[in-house]
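Quick note, the sequences are listed as chains A and B, same order. If you use numbering that gives the first Met the number 0, the first sequence corresponds to residues 0 to 407, in order. If you use numbering that gives the first Met the number 0, the second sequence corresponds to residues 0 to 407, in order.
Hints in this document: simulated from the structure, not taken from any laboratory. A quick note: this is a predicted structure, and the numbers were derived from the prediction, not measured. Note that the Cβ used here is the ideal one computed from N, Cα and C, for glycine as well. One or more hints might be untrue.
[As the list claims (entries may be wrong)] Computed footprint of chain A on chain B; a stretch qualifies when at least three of its residues, placed anywhere within it, have a C-beta under 8 Å from a C-beta of chain A: (1) 44 to 54; (2) 139 to 147; (3) 221 to 231; (4) 240 to 246; (5) 252 to 264; (6) 387 to 401.
[What the hints assert, rightly or not] Here are a few chain A residues that sit away from chain B, every Cβ distance over 10 Å (derived from the structure): (7) 15; (8) 63; (9) 68; (10) 71; (11) 85; (12) 91; (13) 126; (14) 189; (15) 253; (16) 258; (17) 271; (18) 330; (19) 377.
Okay, here's what each chain looks like letter by letter:
Number of protein chains: 2
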Amino acid sequence: MSERSELRSELRSELGVRAAELDASDELAKLRAQFVLDDVVYLDGNSLGALPASVPGRVDDVVRRQWGEMRIRSWEESGWWTAPERIGDRIAPLVGAAPGQIVVGDSTSVNVFKALVGAVRLAALTSDGRDEIIVDATTFPTDGYIAASAARLTGCELRPLDPAEVPSALGPRTAAVLLNHVDYRTGRLHDLPALTSAIHDAGALAVWDLCHSAGALPVDLDAHGVDLAVGCTYKYLNGGPGSPAYLYVRADLQPRFDSPLPGWNSHADPFGMSPAYEPAPGALRGRVGTPDILSMLALEAALEVWEGVSIDSVRTKSLALTDFFLECVEAYVPRGRVVSLTPSHHAERGSQVALRCADAGEVMKRLIERGVVGDFRHPDVLRFGFTPLYVGFGDAERAARVLGETVT
Amino acid sequence: MSERSELRSELRSELGVRAAELDASDELAKLRAQFVLDDVVYLDGNSLGALPASVPGRVDDVVRRQWGEMRIRSWEESGWWTAPERIGDRIAPLVGAAPGQIVVGDSTSVNVFKALVGAVRLAALTSDGRDEIIVDATTFPTDGYIAASAARLTGCELRPLDPAEVPSALGPRTAAVLLNHVDYRTGRLHDLPALTSAIHDAGALAVWDLCHSAGALPVDLDAHGVDLAVGCTYKYLNGGPGSPAYLYVRADLQPRFDSPLPGWNSHADPFGMSPAYEPAPGALRGRVGTPDILSMLALEAALEVWEGVSIDSVRTKSLALTDFFLECVEAYVPRGRVVSLTPSHHAERGSQVALRCADAGEVMKRLIERGVVGDFRHPDVLRFGFTPLYVGFGDAERAARVLGETVT
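The following block holds chain A by itself, in its conformation from the complex (with noise of 0.2 Å):
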C-alpha cells in the first residue's frame, strides 16, 4: 500500500468513527425512522422532502373515506374548508409567527404575487411616491419574474440589485423589497433582522421568500417584524411535490391588506354568493379559489413530523452536518477538484452545501448513480441539500467519500 492510500485509509477510518459517534448522540436521529428511506443518502431535500410515513395512510383515507364516501359533507365535516388557516397555524412556530396569520394555498409564485402587489398598495397608504420594488438580483427566478409583473401592473419600477446593495439603495421611493432567506444556488443565508430593519427605516415593506429556510432554521417572523413571507412547503417541510404554499401577513397588516387575487374563498361570507367584495378578517384574505385538499391535507399529515421537535435543535444539527461535509469534502476530495460556494460562517450559512465543479452536470449524475442524490443546478453547481430531520452523519460522510471517488 503507498503511503498516499494508507493515509486516505487511515482518514477514512477516523471520519467514519466520528460519524457514528456524532449519529450516536444525535437527538434528532430518531426522526428518521418516521421517513420512507432506503439505503440512498438523500441530499436532495432541499428540492422535494422524503415521505413521511404518515402520509400514505392519511391520503388514502382523505381519498377513499372523505371523498369518496363522505363526499361533498366532508367540506364541513372533514375540515377541508378551514384547512388552509389550520395548516398555517401548524407551521406558523416553525417561522416564528403566532397563530392566524398564515394561509396555506396556491403555489410559491403565486403567493408572491399576493405579497408583493398586497406590500405596495399598503406602502402607497402610507405615504405617497413609493413606486419601486427592489428585488434579490440572484433569487429563485420566478421571484424577480413575478416582482417584474408586479411591478409593472402596480406601475413600479422593479430594481433587481445583489442583496448586499438593498440597505444602499433604498430610499423614499422603496415600496417594498422581495429577498429570499436563502439563495437557492449557493446556500448563502441573508440578515433578515439587519435588512428587515434597515427596509422599514426606509418606511419601506420587507417580503422574505422562506422557501430555502422554513423547517431548516429559525425564522423569527414576528420577532423581526417581517411585513409579508411566503414559503413552499415541498422542501424542508416534506409536503409533497407540488404541495401548496403559504403567505404570511403580519396581523397588524392584515385590515389593509388588499390582495390582487381576491377569490371567493377571501370573502367574509363565500357562501353568502354576494356580487359585492368584502374581504374576509384575518389571514383568511390571503386565500384565493378552493384549495387543493389532496396535496394540502398530505401536507397536513407531513407536518406531524414536527410534534415537538424543536427548530433550534434542527439549526445545530443542520450546522453540524454542513460543517462536517464540508470537513469530510476536504478530506476526500482533491484540492480544488471542486470549490464550496457556501459561506463558512455559520451566520450566513443556509442548511445547503453547494459546490462548484467543471463538470457538475456529469459528476452529478454518478453521484447518483452510486446511491448520492443531490442535485445539479446549470452551469457548474453540485447541490447537496441537508435535511437534519432525516440525514444522520454517517450520510455526509458517505457522499464526500463517493464525491472524492467520483471526481478522482
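We have chain A already, so just place chain B on it with the hints.
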C-alpha cells in the same frame, strides 16, 4: 285508500316503470360501476364529483412509489413535470379543443385572472382605447371579484351586465367579456356561439368559464373561435376536492398571450434559471409555479373514465335526466310548492335543475337525511346536479319522490 293516494300510487308505479325502462336502455349506465357510490342518490356532482374507482390506487402509487421511492427522479421519470399539458390534452376533446391549447394548474380564480388580464393585453395589441371589461353580473361571485381586480390592475372599467344585455352593450371600448357557460345557480345555459360571435364582431375577446358545462355538454371551443377559457375539474370531471383548474388559450393567440403570472414553469427554459424571462411557446405559457402533483395525478386517473365516451351521448342523457326529473317533480310535488328556475328549453339548460323553495335550507337538510344529496344555495334554491356518468333515471325518480314526501 283515498282517490288521491290511489292516484299517487299509480303515478308512482308508472314513473318507477318508466325509470327502469330508461335505465335499461341507457348506454352510459354501465359507467356507474367505475365510480365509488353507495345507496345515496348523489345529485351534487356539480359541486364535487363522485370518486372514480381508479383514483385511490393511482394516488397510492403516486405517494408510495413515485414520491416515496423515486423521489426527485419522478419529476422526469414519472412524468410529473409534463403533467399540466398532458392532462390538458386529455381534457381538450371534452371541450372541443385540439391538443396543445390547455394547461392544468392553479384554481379557477387564478386562471380567470390570467385569462382576463391576458385578454385585455391581447385586445390592446390590436386597437387603442379598449378599457372596459364586461362581466356576467349573475356569475359565480369569484369571477366577478377577480374581474374587478383584473380591471383595477389593467386600468379598465368593469361593467357587470346580465348576459342578455351583453350584445347591445358591446362597443369600441370593450376589451374582454367574461361569461359563464352555465349559470351556477339557475342552471341556465348561455348561447356560447352567438355571444362569442357578437363579442368578436365588436373586436373584443371572449373569455368563457366552463365550470358548470365541461363534462356535461359539448362546448366546442375551437369550432366557435373562443379566445380564452377556464374551468374547474372537480365537478363533472370528477377530479377530487380542489383538483386543479385549467386554462385554454386558442392556438393562434398563444404567441401574444402575456400572462400576469409568469412563474418559472412558464419559462421557455425553466431549468436555465435565467434572470431574464422568456415565455415558453404554446399552452405552457399559461403555467405558473410548481404544480400540485397529488391533486393533478388524481385528476389524470379520474379522466380515464371518459375513454370511449362521447360528450354528445352524455348531453343526450343529461337532457333526458333533467326532463324526467322535472316531470317527476311535477307529478310528486304539490303544485306551487317549488318553482323551477331551470329553463325548459333544452338549448338553454345545463345539467342541473334548480328549484326555488321558500324553506330550501331546511328542505335540503331533510333530503340529505333521506339519502338524496343536492345542495342549497342562499337564499331559497335547491340545486340538483345530474352527472350522466353515474346518475340514472331511477335516481331521478327517487329524488323527486323523496322531495315530494319531504315538502308535503
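Evaluation of the provided hints:
Counting residues of the segment 44 to 54 of chain B whose beta-carbon sits less than 8 Å from any beta-carbon of chain A gives 5, enough to reach three: the coverage restraint holds. Coverage of a stretch by a chain is defined here by at least three residues with a beta carbon nearer than 8 Å to that chain's beta carbons; for the segment 139 to 147 of chain B and chain A the count is 7, and the condition holds. Given as covered by chain A, the segment 221 to 231 of chain B fails the check, having 1 residues with a CB less than 8 Å from a CB of that chain where 3 are the minimum. Counting residues of the segment 240 to 246 of chain B whose C-beta lies closer than 8 Å to any C-beta of chain A gives 5; at least three are required, and the coverage claim holds.
Under the rule that three or more residues need a Cβ within less than 8 Å of chain A, the assignment of the segment 252 to 264 of chain B holds, with 7 such residues. For the segment 387 to 401 of chain B, the proposed coverage by chain A is not satisfied: 0 residues have a C-beta within less than 8 Å of a C-beta in that chain, short of the threshold of three. For residue 15 (chain A), the shortest C-beta to C-beta distance to chain B comes to about 26 Å, beyond the 10 Å cut-off, and the non-interface label holds. Once the 10 Å rule is applied to beta carbons, residue 63 (chain A) is inconsistent with being away from chain B; the minimum gap is 5 Å.
Residue-level check failed: residue 68 (chain A) sits 7 Å from the nearest beta carbon of chain B, not beyond 10 Å. With a least CB separation of 5 Å from chain B, residue 71 (chain A) falls inside the 10 Å interface cut-off, contrary to its annotation. Annotated as non-interface, residue 85 (chain A) keeps its C-beta farther than 10 Å from every C-beta of chain B; the closest such distance is 15 Å. With a least CB separation of 21 Å from chain B, residue 91 (chain A) remains clear of the 10 Å interface cut-off, as annotated.
Taking the minimum C-beta to C-beta distance to chain B, about 21 Å, the non-interface status of residue 126 (chain A) holds against the 10 Å cut. No Cβ of chain B approaches the Cβ of residue 189 (chain A) within 10 Å, the least distance being about 17 Å, so the stated non-interface status holds. For residue 253 (chain A), the shortest C-beta to C-beta distance to chain B comes to about 18 Å, beyond the 10 Å cut-off, and the non-interface label holds. Chain B draws residue 258 (chain A) into its interface by the beta-carbon criterion, the shortest separation being 8 Å against a cut-off of 10 Å.
With 10 Å as the threshold on Cβ separation, the claim that residue 271 (chain A) sits away from chain B is violated: the shortest Cβ distance comes to roughly 6 Å. Taking the minimum C-beta to C-beta distance to chain B, about 27 Å, the non-interface status of residue 330 (chain A) holds against the 10 Å cut. For residue 377 (chain A), the shortest C-beta to C-beta distance to chain B comes to about 6 Å, within the 10 Å cut-off, and the non-interface label is violated.
Going down the numbered hints, you'll see the structure goes against 3, 6, 8, 9, 10, 16, 17, 19, while the others check out.
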